[in-house]
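Student: Protein chains in written order, with my numbering: chain U, 45 to 1073; chain R, 11 to 353; chain Y, 8 to 257.
No wet-lab data here; the hints were simulated from the structure. As the structure is a computational prediction, the values presented were derived from the model and not from experiment. No incorrect hints appear here.
Okay, the calculated bits of chain Y under chain U, using three or more residues with CB under 8 Å as the criterion: (1) 58 to 65; (2) 96 to 102; (3) 133 to 139; (4) 161 to 167; (5) 181 to 193; (6) 226 to 235.
Glycine is no exception: its CB is placed at the ideal position from the N, C-alpha and C atoms.
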Amino acid sequence: MSTRRNLLKGAAALGGLAAFAAGYAETAARAVKGLTSGTDGQRPRDRIAGNAFPPEYTVDPESGELRINPAQQIAFTMCQGCNTMCGLRIRYDRKSGEILRVTGNPYHPLSADAQLPYKTPVRDALLALSGKDDAGLAQRSTACGRGNAMLSQIASPFRVLTCLKRVGPRGSGKWKSISFEKLVEEVCEGGDLFGEGHVEGLRAIRDLKTPLDPQNPEYGPKANQLAVIHATGDGRNPFIKRFAFNCFGTRNYGHHGSYCGFAMRGGSGAVMGDFRKFAHGKPDFEFCEFAIFLGSAPGNAGKPFKRQGRMVAEARTDGKMRYVVVDPVMTNAASHAARDRDSWIAIKPGTDAALAMGMIRWIVDNHKYDAAFLAAPGPKAAGAIGEQTWTNATHLVNVETGRFLRGKDMGWAENAEDPQKAKKLAKAPVVMTENGELAHFAKADKGRLFYSGKVQTPSGEVQVKTAMQMLAESARRFTIAEYAEKCGLEPAVIVNLAREFTSHGKKAAINIHGGAMSANGFYTAWAVLMLNALIGNWNWKGGVSPSGGGFPTFGKGPRYNLKKFPGMVKPKGVFLSRSRFPYHKTSEFKRRKAAGKSPYPTRAPWHPFSPPILTEYLTSHFDGYPYKLKALISFMANPLYGQAGLAASIGEKMKDPKQLPLFVAIDGFINETSALADYIVPDSVMYEAWGWAKPWNGTVTRTSTARWPVTEPKQVSAKSGDKVTMELFFIAVGKRLGLPGFGDAVIKGADGAMYPLNRPEDWYLRAAANCAFAGKPVPDASDEEIGLTGVSRIMGEIEKTVKPEEARKVAFLYTRGGRMEDYAKAYRGDQLTHAYKKPLRIYNQKVGTSVNTMTGKRFSGVPAWHEQQFADETPLRKVWTKEQWPLDLVSFKSNLQSSYSIASPRLRQIVPQNTISIHPEDAAKAGVKSGDKVRIITPGGTAEGLALVREGIRQGAVGIPHGYGHWELGARPHQIDGRMQPSVPGLDAGVNLNLLGLPDVRRGGHATLLDWALGSAARTALPCRIEKV
Amino acid sequence: MPAIIETVNITHEAAWLPWAVFYFFFAALAFSAAIISTAWTLLRRPGWKRAARMALLVLLSSAIVAPVALLADLHQPGRFWHFYTHFTPWSWMSWGALFLPLFVALAIVYSWLALTQPKDGRLAWAIRPLAMATLAFALLVALYTGMEVMVVKARPIWNTALLPWAYLFTGLMGAAGLALVVDAFIPGDHATAERKLSKVMGYAALLSLLTLGLWLAEGLTGISDAAARTIAAISGSAYWRMIGLALALSLAVPILGFFIRGLPLAVLGLIAVAAMWAFRWVVFMDGQMIPKTGAGLYAYRLPMGADGLLGIIGIIGLWLAVIIIVTTITGPAPRQGAAQPAE
Amino acid sequence: MDTSRRAFLTGAGALTCGAAAASVGAKAAKAGPQRHGGDPSKRYAMVIDLRRCIGCQACTIACSTENRIPIGEFRTIVSQYDVRDANDPDGAVYSFTLPRLCNHCDNPPCVPVCPVQATFQREDGRVLIDEEVCVGCGYCVQACPYDARFINPVTNTADKCTFCVQRVDAGLLPACVETCTGGARMFGDVKDPESHVSRVLAEAGDEVKVLRPEMKTAPHVYYIGLDTRFQGKVDGAPAMWTKIRESQEA
Ligand SMILES: Nc1nc2c(c(=O)[nH]1)N[C@H]1C(S)=C(S)[C@@H](COP(=O)(O)OP(=O)(O)OC[C@H]3O[C@@H](n4cnc5c(=O)[nH]c(N)nc54)[C@H](O)[C@@H]3O)O[C@H]1N2
Ligand SMILES: Nc1nc2c(c(=O)[nH]1)N[C@H]1C(S)=C(S)[C@@H](COP(=O)(O)OP(=O)(O)OC[C@H]3O[C@@H](n4cnc5c(=O)[nH]c(N)nc54)[C@H](O)[C@@H]3O)O[C@H]1N2
Ligand code: SF4
Ligand code: SF4
Ligand code: SF4
Ligand code: SF4
Ligand code: SF4
Ligand SMILES: [Mo]
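Only chain U is shown next, with the shape it has when bound in the complex (with noise of 0.2 Å):
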């Protein structure tokens, strides 16, 4: 008894003390430790300053003497955290290469508010973001929190550093290493490359001769079977567009613009009547003092997004801005602390058209447009009134065409003898004057605005309307208050917008972006950019401006002509996504009326005024109309990740080599579209790549982005020493096909002579030897700011590269970032310097005397309310119904998160997940509170994610941020050469909303639904319903 009592003790105490020992190790360790080593965790750098880095110089308070640190560097190079592209300043160990801490470029103003003038010495602009004197504080040049946070890109685990080859099916996640030289050969050569049968190389693809379709000889030559997808603007798209369109000779060069913010570029496109380049405007925030962004997030997203939002947040704190943000979703646009000076208005997604033309209506009924700049019908006539611009809305349209009534109409021409004239005056539009005389609209002062009827013409009576009557028409088809009924908004909210809106001059304008991504969009952007015209804003301080545009870089620059080359290829033939080309000068067109059937309505539309949208790319070629691919190539682009509906589309279909047989993407990372290609080239990273870009519009001075190698990119060489990169990848491919363009001796330079394109620096060197020399050539670099900026990193390749007169100034930009013109310059007078200079058009004759294909009919020249419909112009809540899907979904972007930051674990840490908004009476409607998780279900897909309930989001919407839900680029590791990438966990985190996109059912095949008029995706104002899960 006593024994068994004595054991069980000693088996409780033994037990006790084990149990200590477990607990405790870890204590006792750590005591060990600190007791020998002082300190039981890292010791830090400094026992005051810890961790922190130490300066990378120092100033002198009293002084001002400035001191380098030698152990570091700094370098004025091109941020890549998201598409606005702002310049930076990086600093990095000078011995280990690592990046330390990224900010703004002083001299840039994307990063600076007032950027410092550009011959500033550099210690000098060191010395102005320092704290002597507080100059840094007025001086400040920032990166934003992902500019911040990128510089973890890298040294991501996740980069692709080897060329890489898949092994087992497309998509498996299994690849392995091969030489850059085997790379190109395979892809040029083709053959039995995975062992699943032959694959045609890019070398018989290549064919510039054989029509694709005999049938449809206008499609082109079987080069078309060769896309190249790209994603955006990033100082290197010159480049790969200049492969595919003048080397490789296809078509089907493409972007990501039509999954961007494509419906405000068509929108823009069309009354700005630019629908090559789309042009677009932003308002000139510093001095205005009303303006509404609708759609459009100011300090929440947008591009630029830094510029824009630290414009916004001046102007409404010691600007004299008021604005209102139009948004179904409330974001950082609108602030609580400056709520005098912002406001929020909560409206039904995809319904801004309503509310633009109420305001139009409001506009026009009450005389409150810019009668005075309305009136003005040509350049002559706006030039003595003050204005830069013109519009055409006193411009005579023949109804029944939709044409202009022109010179040709009246018979003026008929007399002229210089032919150079008599086609002038042939294609002048014609206007009726104040008395009710046809003029020409160049020669008329005024001309009337409103007018419909009858004209005589040498050729009968002609029905016509001006393009203002025809606005004020379309925008009388409704009161304000069913436009009110359609947006789900007050009457007076529409009248108010309107009035306030037109009471400030030209100090006023009106913005769009993102939010006119629904089906749409066009025009939705185009109704709401006409207010700009309205009230002839452009041009003008305080209105709306276009960018400052940048300095000659790729074009036919001042030293090198980088546009054009000897056995250059003009490609030819129709776009994948059937854009620009005549439908009516189709084959197919033809051999329909010749069979006596009706052309219309056409597999999928013929977008007219469109220009080619990757939006259909994808989709067109596994529906092979019109026709398919062989190759694509992308570089960046990451479709799949980023175009609503298209993954569910045919993501699966992409992983099938029979469907689509060669897939080549060049990346540095493994994107949800690169996790499904053949091959992989890797490529330079961030501040290691190359380029020169232009900043998106919204800056009022000329800029060109140096982008260059501050650091040495991660990345494998080819045999040549080079590393590899999009660049050397076309290099080599080029050189292998024999193709035009490159090689030795295909640059032409201002001297006549040829100069060599064999490795990217023979590219952008050039580049930035045409940037140094436009207009008043830039200083020479002295040797001093040389080794200030870690120029002397490239100083050898400069000089290599380009001609001894020239080596110095292209230095010189790059110790300056590139090339800015000086804040100084950015106005004149009450106008801006960089104008618009082009008519503005009230009527879009283009767009006016198009046809939709699916149906046969015209569009509409001005702008109208069109709920959403599909291609075939059945509205969409006709077959989804309000019954079924009671909620719309709205996409909106974090501000933190681009679509490829999710790696970055500086921004993950702050918000690691994205969340559904969800207004708390729907939510209480389903049952749901914040934290629960809900499914979110769409006609095209279903997602679970954590629901916040809020108000800061309309009721009747569902808002999810972009930039999370990824399955790939990091959320899944691959296998590269047997060994796995790290698995991270929580980079797979939240929801896409992409995976709810939906699908244009009325089309069928794979098209995702776009916007009817013009194939922008549509990614807002989805029908959707919510559970609880």
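Following the hints, complete the assembly by docking chains R and Y with the ligands onto the known chain U.
Tutor: Here is chains R and Y with the ligands on its own, set in the frame of chain U:
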């Protein structure tokens, strides 16, 4: 819908870990047991002999374990000596660093002597002065542990003059309760000891409950701003309502001994110990989950490792081993003819 | 400090048994912590104009990078709220962003509690921590009314904003100020009436507020545009940080 919804913020981790809870728990057991033990060792109150012996066992075991737990709560345990090279008279913790080791040393010598009572009676004279000194330091430890927490204005839940009292009362309750539990395992005459100890436990529980009631009243009436703030911060939380109720109930249980005869006192004692521990857990761990600036409450999740569950099991294991070893060595009762404290 | 001393004294009086020791303590405490180091002619402070803050978290990340703070710990964070305007009859809803960091209080409760004087204040007002001395007791973390401190899991010692001592002493600006996109954060010497911060403060007048004024800590981070509802513990629905972490672990 509240007028304010926090959409971005971070959770602040608890800087005082479960180790701190156990330190305050064992320290309070020790200083309370020291106080109880003096009823016999110092005051020679009739009928207190066995009760005091049980208290001495609690004292000895807890005094050994308490500093072990405290050391682990430091994130730099190896730098404990900085307390002595950087004595800081305006910091209660610094004083604690002086009081605690002295108390522990005294408590060990005192309880060992009083428990074992050396045969020749040579050291008998020392027991009384030792008891006195131990009592003094016990009170100082009670004072500093209470004050150290109380002075933290930044945590309204701690910042109340009632806190040191609550520590003292719950401590006495728990120590008496634990003595009752120990008593149940040691053969001998249980009845008298039980009577004395359960009385201490009951009264202490009553006082604890009153203290808590007073705090609640102060808070609800707004007499105490700190209490009012605390209540405002936690009143919306179902979790806090539940733990509040559970605490009140478990504090009421030891009082039941007064009213209901024949309740198993060791079980009541165990509940008292649990209540004492839980009180400290709530005050420390849940208290640290009340944000100072952010909205709502943070959520504490007990880590599995040394700073959480493993540590908790370890420190309880240590106490268990110590009490078994101590009781085994000291035996069930003082040896015959052994020294008695001088009277 | 006077209040904590008062608490000290009342508490001491309450426990008569400890009176002797307490009085010794009280006497010693009267000496109190002394400021040392730094330039007494300066007083560093930060001014944050909330109207300019766009919640971009550039400051948060710059701080995190510059000072190499372990992931998941923050010397500064910009909390964000959806808030209904109290003055607006329609209850208009806005976004409110609030950068938080150590206030470098003139009367810093974190300093006197430190048992080893690792936390101290310089003559120029900066409250700093001597990492070599800190025992990681966490007492200062408890005592700071702003949740501005944390135990750094890499150094195992207390950590918080230093006003970027290494940069400011080098004649530069703190990292968060340097990179503040909206231009909301301003830094400088409030003893110099000509400094930028002094001028901004003077101009803003009554608009200037601090966090938790009732704590009498005399904070030296000043806010313009601060809604009083955010001065103390925010009364509202909490963020879902923990929930998100849980959902990621699940
Ligand atoms: N933080 C951050 N900034 C970025 C980027 C990023 O990824 N992250 N990306 C950059 C790029 S590439 C671009 S193109 C720009 C885009 O910049 P923005 O266009 O400003 O941003 P978005 O979030 O796309 O859309 C703007 C707003 O439209 C709102 N919206 C959605 N549906 C509707 C609607 O039906 N009606 C109205 N009125 N509004 C609606 C959204 O809620 C959102 O707040 O941002 C750039 N800047
Ligand atoms: N639901 C929803 N969808 C959206 C949006 C939205 O707001 N909501 N936004 C839309 C917008 S505005 C845009 S612009 C598009 C963007 O979509 P895309 O332009 O198609 O692509 P991104 O997702 O930006 O990805 C670019 C890829 O480039 C690679 N990359 C990143 N950095 C580097 C580098 O430094 N070097 C190299 N070589 N490669 C790099 C990465 O693999 C990354 O995935 O998404 C659109 N999609
Ligand atoms: S706005 Fe975009 S490009 Fe500019 S710093 Fe931020 S992440 Fe970089
Ligand atoms: S954690 Fe360090 S700095 Fe803070 S009180 Fe303790 S010893 Fe002092
Ligand atoms: S904010 Fe907190 S840590 Fe900073 S000085 Fe004040 S009390 Fe100390
Ligand atoms: S001053 Fe420096 S340490 Fe303090 S929050 Fe700003 S960056 Fe961080
Ligand atoms: S960097 Fe400036 S604008 Fe951005 S969140 Fe921080 S304080 Fe606000
Ligand atoms: Mo975009």
